[in-house]
Amino acid sequence: MNSRTIRKFLVGETNQPNPARRAVLLYGVAAFVSLIGLADAIYLTVEHLSGRSVRCTLVSGCSEVLSSPYATVRGFPLAGIGACAYFVVFSLATLTAFGYKGMGMLLALIVGAMFLTTLWLLYLQAFVIGHFCQFCLLSALVTTTLTVLVIIARRQKRN
Amino acid sequence: MKRILPFIIIAVVLGAGLLTARYLQRSASQTPEAAPAAGSSPAASPANSGEPGAEPPHALGNANAPVTLEEFGDFECPPCGMLHPILKSLATEYGPTKLRLIFREYPLVPNHAHALTAARAAEAAALQGKFWEMHDMIYEHQKDWHETFDVRPIFEDYATKIGINLEQFRRDNGNEVVERRIFLDGKRAHSLGVQGTPTVYLNGREVPFESLAPEKLKPLIDSELANHP
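Going line by line, the protein sequences match chains B and Y.
Under our numbering, the first residue of the first sequence carries the number 1, and numbering increases by one thereafter.
Under our numbering, the first residue of the second sequence carries the number 1001, and numbering increases by one thereafter.
Check before you lean on any hint, since a few could be wrong.
Just some of the chain B residues that point at chain Y, by a computed CB distance under 8 Å [to be verified]:
(1) L35
(2) V46
(3) T94
The hints are simulated quantities; they were obtained by calculation from the structure and are not laboratory data.
Here a beta-carbon is modelled for each residue, glycine too, at the ideal position from N, C-alpha and C.
Isolated chain B (complex conformation) (with noise of 0.2 Å):
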């Protein structure tokens, strides 16, 4: 047995990485999640600027969400502005992961508006639309999935 395995025996030191590591991790993950939904909206921001009906392959209602009103905020299609906060999301946290101070914060305030708004889309397709669109649905599932990243990752750094 060397001097480093009897230390680790001793005082309980792991192979696990440190708090500070592991949200650097989280950050990288969050940061790739994000890629996610910046295809998904990509694609149906462009879907929605040629104008013609999405298919919907795993649930109806694509075309009824994406010809809705909600589906456009002054004109600009909604998908648009996800791509572009995607976009954000990824810039701050591969920023962030880079150990760049401040922009761990701005993050969580951005992916958190996000969560807020993907709840309140939820809810106009689940009871006014009445209508899922699938590709809404899998944004809906990325912010949430860097909802979680990102607070997991801010409470490993106060660690």
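With chain B fixed as given, assemble chain Y onto it according to the hints.
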């Protein structure tokens, strides 16, 4: 280097995102110029490749008309409903010797709950020689039946109004010929890579969605007519 690296990554993602958007936009609205050229006999071969679709197709206009517009439509899709009067007025304006319209069934199931029922109704009417009458009825009253739970009585009412045998219409609705025609049109749509509705081919070349407005569609037809004097 470590300080610059995140900015390089962000710039790369931004560039990749913009390129992806551009690629998707181009594939969504392939321009007639970019598409492969039509054959020398457009009326005989409405689109260049792909499966033949239901034969004979539902067509308005002469088979040897120099311009053929082939629409893949869904009776429940609102943009298709908006396109209907545009195509109808173009058919009237150019006449059967110059312009031929072909309608292909492409019900977006399950997005549109009644799209398949509407397609069946139109095909059943076609078996009594009244496809276009039913086609027009369904499109022109799209808003009346779109939100209805059971659309069959409404389509039966249309059948009565266009003067077809109701009993025969009920029997034909969903029979093998009707189902086969819808299936064959769908097969053709898939083979051509139709992504949504309405998708229109002008002498075998896909017309971008944004060019389906009459003021943009007419110059395209005129230019085809000029090529086929």
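Taking the hints in turn, this is what the structure says about them:
Nearest Cβ of chain Y to the Cβ of L35 (chain B): about 7 Å, under the 8 Å cut. The hint holds. With a least beta-carbon distance of about 4 Å to chain Y, the hint placing V46 (chain B) at the interface is held under the 8 Å criterion. A hinted interface residue such as T94 (chain B) counts as satisfied when its beta carbon comes closer than 8 Å to some beta carbon of chain Y; here the least separation is about 5 Å, so the hint holds.
This entry satisfies every hint, going by the numbered hints stated previously.
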